[in-house]
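Chain order of the listed sequences is A, B, C and D. Here my numbering is used: the first residue of the first sequence is 2, the next is one more, and so on. Here my numbering is used: the first residue of the second sequence is 2, the next is one more, and so on. Here my numbering is used: the first residue of the third sequence is 2, the next is one more, and so on. Here my numbering is used: the first residue of the fourth sequence is 2, the next is one more, and so on.
One or more hints might be untrue.
For chains that are exact copies, the list does not tell them apart, and a pair is met inside one copy or across any two.
When the alpha-carbon atoms are kept at most 25 Å apart in a straight line, the in silico PhoX-like pairs for lysine-lysine are as follows [to be verified]:
(1) Lys-138 to Lys-191
(2) Lys-218 to Lys-138
(3) Lys-51 to Lys-190
(4) Lys-109 to Lys-130
(5) Lys-207 to Lys-119
(6) Lys-5 to Lys-218
(7) Lys-199 to Lys-51
(8) Lys-44 to Lys-187
Bear in mind the hints are in silico, worked out from the structure with no lab data behind them.
4 protein chains.
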Amino acid sequence: MYVKLIAHTPEPDRVVAAAAKLCYSASSAVEIFDGLTTENCAKFLQILQKSGHMSPFEHANFTFAIDGISRVTSHQLVRHRMASFSQQSQRYVGMEENECILPPSLDKIEGAKVIFTKQIESAKEAYNKLVALGIPKEDARFVLPHGGLTRIVVTMNARELHHFFSLRICHRAQWEIQSLATAMLKEVKKVAPLLFSKAGPSCISKGKCEEARPCGKPIGPDEL
Amino acid sequence: MYVKLIAHTPEPDRVVAAAAKLCYSASSAVEIFDGLTTENCAKFLQILQKSGHMSPFEHANFTFAIDGISRVTSHQLVRHRMASFSQQSQRYVGMEENECILPPSLDKIEGAKVIFTKQIESAKEAYNKLVALGIPKEDARFVLPHGGLTRIVVTMNARELHHFFSLRICHRAQWEIQSLATAMLKEVKKVAPLLFSKAGPSCISKGKCEEARPCGKPIGPDEL
Amino acid sequence: MYVKLIAHTPEPDRVVAAAAKLCYSASSAVEIFDGLTTENCAKFLQILQKSGHMSPFEHANFTFAIDGISRVTSHQLVRHRMASFSQQSQRYVGMEENECILPPSLDKIEGAKVIFTKQIESAKEAYNKLVALGIPKEDARFVLPHGGLTRIVVTMNARELHHFFSLRICHRAQWEIQSLATAMLKEVKKVAPLLFSKAGPSCISKGKCEEARPCGKPIGPDEL
Amino acid sequence: MYVKLIAHTPEPDRVVAAAAKLCYSASSAVEIFDGLTTENCAKFLQILQKSGHMSPFEHANFTFAIDGISRVTSHQLVRHRMASFSQQSQRYVGMEENECILPPSLDKIEGAKVIFTKQIESAKEAYNKLVALGIPKEDARFVLPHGGLTRIVVTMNARELHHFFSLRICHRAQWEIQSLATAMLKEVKKVAPLLFSKAGPSCISKGKCEEARPCGKPIGPDEL
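Looking at chain A on its own, in the form it has when it is part of the complex (with noise of 0.2 Å):
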């Protein structure tokens, strides 16, 4: 897996602060980016996620380009409705090569890699003979496998994504989505480190976890 923030909004922190004081403030908008520090971001971002006033998050904007995550975890992506996604097609783009993530349970059991790698394998056999028959790209990919690898680029917003980390950061998700969701974390905490201070499921976000059944494992305030 490969994520890489490759484009957002520049000083996001004070773009969002600079929005959400308009709303209380009889000065310009201009005016208060300018008259903005450092220390009033932060104090002013920490007030607004305390009381829920999200939507002035929505200024900033993040662009991911993600490679190397299988279909399984991209189809649970793009069910992100407020989020922007351009992925590789295979109806256009040959899967000749097309690799397979390895979910890390196969390790734990004995037996299950084999069984699993044959498969992949024999299916990338298959699609390569039945494309080489005159299949359409866009048919023989039936044949491919869930786990195969994709390649998406993907824009959300401060709020969205807070909401992303929110429920994919949990360790009740599916853990390459997890993965995923958790290195989308540590690329816009470089550039925005007070909008995402307190980014994560709620064990991070609230203190406490609020799932309806805890995995018993909170993560620690550190660990992200």
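We have chain A already, so just place chains B, C and D on it with the hints.
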């Protein structure tokens, strides 16, 4: 493939016409609703579509139960973000008996179907062996083919359906989602004939193809 | 203020429960729908709400005719983006007889109501004079007061309604939209008692206030 | 009216082109991004627009500070739901000095401006009196005119901006939002000339009017 309209806004044609009429009228919505004849409705809905004033179409909603489409197609379907989806989970539901869609192109090339069905069979066996060994369902599914069947409940409003039909009934769309969209259009035409009288790709809705690369076989007015 | 539910998904409780059950079941949506008893429904919807799995609530849609709210309130209402609106146009509909909402606070302070009503009356006169002179309606309306009445048709699904009720029935919301939201909740409870049994601000839905600055007067379980 | 682009996705033309190219390529997003020349970009973005494949345009976001528009216009603006807004609150910010937009039509009819400005002045006085008496700001504003000024921060992506420009720069749109949309287009053209080269109403984007009732004065290619 099985497509059934399981619920919808009652009297969808009239609800949309009444909402639209409200924008231009000094009367209340309820008065307008009660005063609308079928002729008025038809005339008014035509004007709306001709002038591109489609927002009132959002007030009519349609819920479909869809069975027996491939995950190739459900993946395209859920990319329509102005819609609501509940899809059968492969984390929680066992796929021991999961069948697969056979693309029609397999019948046109000697030898293709044997390769395809053998591969599908072997994927099912591998899945069952992995689950029997103790691999979680959510990991065993990584070997399942994209062509495997899924079930999904979908709700879209009439505006989004118009958009969906314009893209997905077009001959340039992938063949399986073409069938799905055509089946959905048949269902909604039964209960909202006025709302969907002109629905379809541009060869239907505009009377001429607007695709950058036309298919050369426009759909006739009586085909849908 | 006049609020009437003019259309909704039939059997909303069952549609949502069936869609949700599909995610975890090997049966088809139609089988599930037909097999659901009221008891099963109630139990299942409770689990969904407790676990925060609210997406199936999107399959039930509700359309309201709303008359006699101020533009102050319609402006807040249309900020809910997961909804569909058709509002009476001030470009096309004459406002010669437009009435105005009188805030209750006017009754508590001597002299306030006179100032208010005189001002409202003078705005109507100015509007009428401008229109009589030939100023287009769309320009004459610039003098009309924010408190002036409007009409709007609104469609929201049950998930968005839950969100709307949680924010807008809260005592910290503006008083007119509080009344509107409360009236809308009363309407939907008649046809979907299970879906909305726990709807409202956090004092109702969670049993305790989650506002940063509580009002100190939580709403009792039987008040809504 | 004051419109300033305060933040945007850096290199918006290239981000969109790279995301779009990913769909049809076996290379990674980062490789594609680094390999794109300005010529390639221009060519590729033209193909996208011609074929109506607009979803990659969503990856480029633009944040505007807007000052000095009327509430008439902000009400139209916030109806665009694929966008993010932070607007100055009339519940929390005092409107003692609030100015009002004067529609140009007032200059064309003798006597109109006097009626208008007198009315606006009297609204301000009534507001100030009510606030002085102790009426809450959120209630006193009910007498304020729709033409009164507001401030708003808006974020839209390039796809929604194309949609917004197509509707709102058109001569059939209300005049104030026409000016606003035109000013916004000027701002984004400075930083994303390729993305917006064809943006505007159908007279610009398609080279011919597609309105049901054309204005008769199509905008020339060099006017925007």
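Status of the hints after comparison with the structure:
1. Lys-138 to Lys-191: For Lys-138 and Lys-191, neither the intra-copy (40 Å) nor the inter-copy (36 Å) Cα distance is at most 25 Å.
2. Lys-218 to Lys-138: This pair counts as between: shortest inter-copy Cα distance 22 Å, intra-copy 44 Å.
3. Lys-51 to Lys-190: This pair counts as within: shortest intra-copy Cα distance 19 Å, inter-copy 31 Å.
4. Lys-109 to Lys-130: between (33 Å within a copy, 15 Å between copies)
5. Lys-207 to Lys-119: Neither: 45 Å inside a chain and 51 Å across chains, both beyond 25 Å.
6. Lys-5 to Lys-218: neither (28 Å within a copy, 43 Å between copies)
7. Lys-199 to Lys-51: Classified as both; 10 Å inside a copy, 24 Å across copies.
8. Lys-44 to Lys-187: So Lys-44 and Lys-187 pass the 25 Å test inside one copy only (22 Å; across, 35 Å).
Violated hints for the displayed structure, listed by number in ascending order: 1, 5, 6.
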